Amino acid sequence: AQKITQTQPGMFVQEKEAVTLDCTYDTSDQSYGLFWYKQPSSGEMIFLIYQGSYDEQNATEGRYSLNFQKARKSANLVISASQLGDSAMYFCAMREVTSGTYKYIFGTGTRLKVLA
Amino acid sequence: DSGVTQTPKHLITATGQRVTLRCSPRSGDLSVYWYQQSLDQGLQFLIQYYNGEERAKGNILERFSAQQFPDLHSELNLSSLELGDSALYFCASSVELGGNTIYFGEGSWLTVV
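Chains as they are written, first to last, in our numbering: chain V, 1 to 116; chain P, 1 to 113.
Just so you know, these hints were derived from the structure itself, not from any lab. In this text, all values refer to a predicted model and were calculated from it rather than measured experimentally.
When the alpha-carbon atoms are kept at most 27 Å apart in a straight line, the in silico DSS-like pairs for lysine-lysine are as follows:
{"hint": "1", "chain 1": "V", "residue 1": "Lys103", "chain 2": "P", "residue 2": "Lys57"}
{"hint": "2", "chain 1": "V", "residue 1": "Lys3", "chain 2": "V", "residue 2": "Lys113"}
{"hint": "3", "chain 1": "P", "residue 1": "Lys57", "chain 2": "V", "residue 2": "Lys73"}
{"hint": "4", "chain 1": "V", "residue 1": "Lys3", "chain 2": "P", "residue 2": "Lys57"}
{"hint": "5", "chain 1": "V", "residue 1": "Lys103", "chain 2": "V", "residue 2": "Lys73"}
{"hint": "6", "chain 1": "V", "residue 1": "Lys3", "chain 2": "V", "residue 2": "Lys70"}
{"hint": "7", "chain 1": "V", "residue 1": "Lys3", "chain 2": "V", "residue 2": "Lys73"}
{"hint": "8", "chain 1": "P", "residue 1": "Lys9", "chain 2": "P", "residue 2": "Lys57"}
{"hint": "9", "chain 1": "V", "residue 1": "Lys73", "chain 2": "V", "residue 2": "Lys113"}
{"hint": "10", "chain 1": "V", "residue 1": "Lys70", "chain 2": "V", "residue 2": "Lys103"}
{"hint": "11", "chain 1": "V", "residue 1": "Lys103", "chain 2": "P", "residue 2": "Lys9"}
{"hint": "12", "chain 1": "V", "residue 1": "Lys3", "chain 2": "V", "residue 2": "Lys103"}
Under 8 Å between C-beta atoms, here's a sample of chain V residues computed to sit facing chain P:
{"hint": "13", "residue": "Gly33"}
{"hint": "14", "residue": "Gly43"}
{"hint": "15", "residue": "Gly52"}
{"hint": "16", "residue": "Phe91"}
{"hint": "17", "residue": "Tyr102"}
{"hint": "18", "residue": "Tyr104"}
{"hint": "19", "residue": "Ile105"}
{"hint": "20", "residue": "Thr108"}
For every residue, glycine included, the Cβ atom is placed at its ideal position computed from N, Cα and C.
Input sequences plus hints: build the corresponding full structure.
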């Protein structure tokens, strides 16, 4: 079974609009972390936002917010006021502990295209 | 700039050859991770080191090996290269073993011809 599922291979959004990128996860751990990364066409991986499993508030970083619904095991990324520079691949990831070792597992990504 | 440095940025080599990819983590980071990203694929975890010791292994082929040196830089060795090894190889680092953030380098693009 997939640990991290991103069901949207591609998304379009109009400039200045908000967009939600979906991510669901599967873990039996009580303590885990959830991350979002952006990968522009140049290839680098840019950290966007982090949510801990015990954090009660949804994480926010500028125009990025993470809609964390623990019971539903979802960690959707919301980008407000989309900009052309937001066009990129977005990866959801989870940190989990297995046999005392930490692993960071990534989803297959969602390609976002912002339209002018 | 994440502070993680990877060299070389691009590499083209022939099948059967061996290459070494180098990673310098952010200053103060003890943990180093290696990932492989094939064309239009997600990131596949290869291996993790913490303060010089191997801590976790993922889908790393036997033809691949890695190590982390006392100065905390790490190297990923890829041998007997095949066409399918062509990928973007990322190094990432974090302060702790299970940090709240892992920072990625810009990656090393490997093309096997």
